[in-house]
Amino acid sequence: MIDIQNLQFGYRKGKIFNGLSLHLQAGHIYGLLGKNGTGKSTLLRNIAGLLFPDEGSIRVMGKDPSKRQPEFLHRIFLVPEEFYVPPVTPAKYMEVHAPFYPAFNREYYTRLLLEFEIPLDRTLQQMSYGQKKKVLISFALASGTSVVLMDEPTNGLDIISKSQFRKVLAGTADESKCIVISTHQVKDLENLIDRVTIIDEGRILFDQTLDAIQTRLLFKISFDSEETRTALYSESSLRGKALVMANTHGEEGKVDLELLYKAIIMNRPAVLSAFPA
Amino acid sequence: MQFSFYRLGLLIRRQWAERSRLYILMMAAIAGLLAVAFFLWGLTNQDKLWMETANIFLFVGLFLGGTIMAAMTFSDLSQRTTGIYYLSVPATHGEKLVCGVLYSQVFFTAAYLLIFYILRTAAFAIIRLYPHMSLEHMPDGQGMYEVYQYLVIVFVAVQTLYLLGSVYFERFAFVKTTVSAVLVIVGFVLFAVYVIHPITGDLHPTGQVGVFRIESENGSEYTYTLPQWISRFIWFMVKYMWAPVFWTAAYFRLKEKEL
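Protein chains in written order, with this note's numbering: chain C, 1 to 277; chain D, 1 to 259.
Here chain C stands alone, though its shape is the one from the complex (with noise of 0.2 angstroms):
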């Protein structure tokens, strides 16, 4: 569905990507991880066609985004984290917006919008940042688009509605669509993603399923210190030794995203080694 090949790209200041390459595929939710400032929303905005790339190729849906063609941009919705909002009301601005969107759900919409209680009857300026994304991203997913891109979506909600996006977004994914969200809340996407993509200085640092993470690596908290020693990587907490270590006897577990990220930045070639070439 998003296929980059050899990206390179930079801005005035320096090089953003050097020869990354990525396939993305339906059907997944994407969690796109890393340090701020390393590249996510420049990765975002030439999947959406808003940058072109200096060499290598993007692919998205077999076609070139940096034509921005209707057919293109109609079937992808990029929710920048800064983003502007007309001064109009939810109900308004699917009126004007919708139709530029075939596959638009105005009954998912409207639900979406009261299961995130946004006032209706404000314009979407008069609205606070967090009830702006809340429609923002509702209109999103209610669009129909086969990609949506969600820049650091849950910066700015509160803890409820960050529990409400989760639960929201586990309910539209399906194997047509393909989600990316790209966050340094790493928390945030837990129960969510299904493949995590860990991106630094503009390369691919870590990219498997949360399947073959979980197949691979244990996460556990051990007082024990030949474990701390075997472990990838470890990290004291209140309860004792937070370890990320191969799952070498195939113990079921749950994937700690933060420890999983830490891991990886720290102790990146120890991690690698646990996942076959």
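Note that these hints are calculated values from the structure, not bench results. The reader is advised that the hints may include incorrect statements.
[As the list claims (entries may be wrong)] With a straight-line Cα cutoff of 27 angstroms, these simulated BS3-like cross-link-like pairs (lysine-lysine) come out:
hint : chain 1 : residue 1 : chain 2 : residue 2
1    : C       : K15       : D       : K255
2    : C       : K13       : D       : K257
3    : D       : K48       : C       : K13
4    : D       : K255      : C       : K13
5    : C       : K167      : C       : K132
6    : D       : K255      : C       : K63
7    : C       : K67       : D       : K255
8    : C       : K63       : D       : K176
With chain C's structure known, arrange chain D on it following the hints.
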């Protein structure tokens, strides 16, 4: 380029829904300024008023309002947030450009002319109520219509230049377009004086397009005339080429815009 009138209609509706308040305020401000201008015009001319002088207001307002409006056409592209919002709308760049041209050049001009003529009719009606004041046509008023024709042609060209400026300059598009236009004109004059004139020597332009006058060393004067079709073509291009050239440049600039 695939062009859909359906999508163009959607773009027009979307823009109206989101900016109608701004447009109404802008036209109300223009109406207020024109009303003040007509009031002062009536007040400062005690007896005889030439109807044609009212057209000064028409063109001053048209040029000022029209260029400001045109310079706002692609103001969304001046910021990343609004720019992403604008460029992500599923429509072609051509449709977006036409929508911008319609609002800033067609709808604005139509609304402005409507307001102007309503106010002018009202102003003339009020003036006629005062017996000591008279409204008359200028004795050589007919000649003014040729001037108006040229002003309209210049207006379309200048307005399109500001539209182009709005897609080129991210901030202060109106000021930057004005400065750029002045620099280009000054540059052209300097080029004509210091480069063209030394080359052409004694070749002087006449008032007619395609007709040149040469004074020889012995004092005789020759007139060179280009074939009529070339003269007509040059004159046609000088009058009408600007807007299509600027629209085309704006289209390509819009296509290559990155945010």
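Hint check results:
{"no.": "1", "hint": "K15/C <-> K255/D", "verdict": "holds (23 angstroms)"}
{"no.": "2", "hint": "K13/C <-> K257/D", "verdict": "holds (19 angstroms)"}
{"no.": "3", "hint": "K48/D <-> K13/C", "verdict": "violated (67 angstroms)"}
{"no.": "4", "hint": "K255/D <-> K13/C", "verdict": "holds (24 angstroms)"}
{"no.": "5", "hint": "K167/C <-> K132/C", "verdict": "holds (18 angstroms)"}
{"no.": "6", "hint": "K255/D <-> K63/C", "verdict": "holds (16 angstroms)"}
{"no.": "7", "hint": "K67/C <-> K255/D", "verdict": "holds (8 angstroms)"}
{"no.": "8", "hint": "K63/C <-> K176/D", "verdict": "violated (36 angstroms)"}
The structure does not agree with the numbered hints 3, 8 stated previously, though it agrees with the rest.
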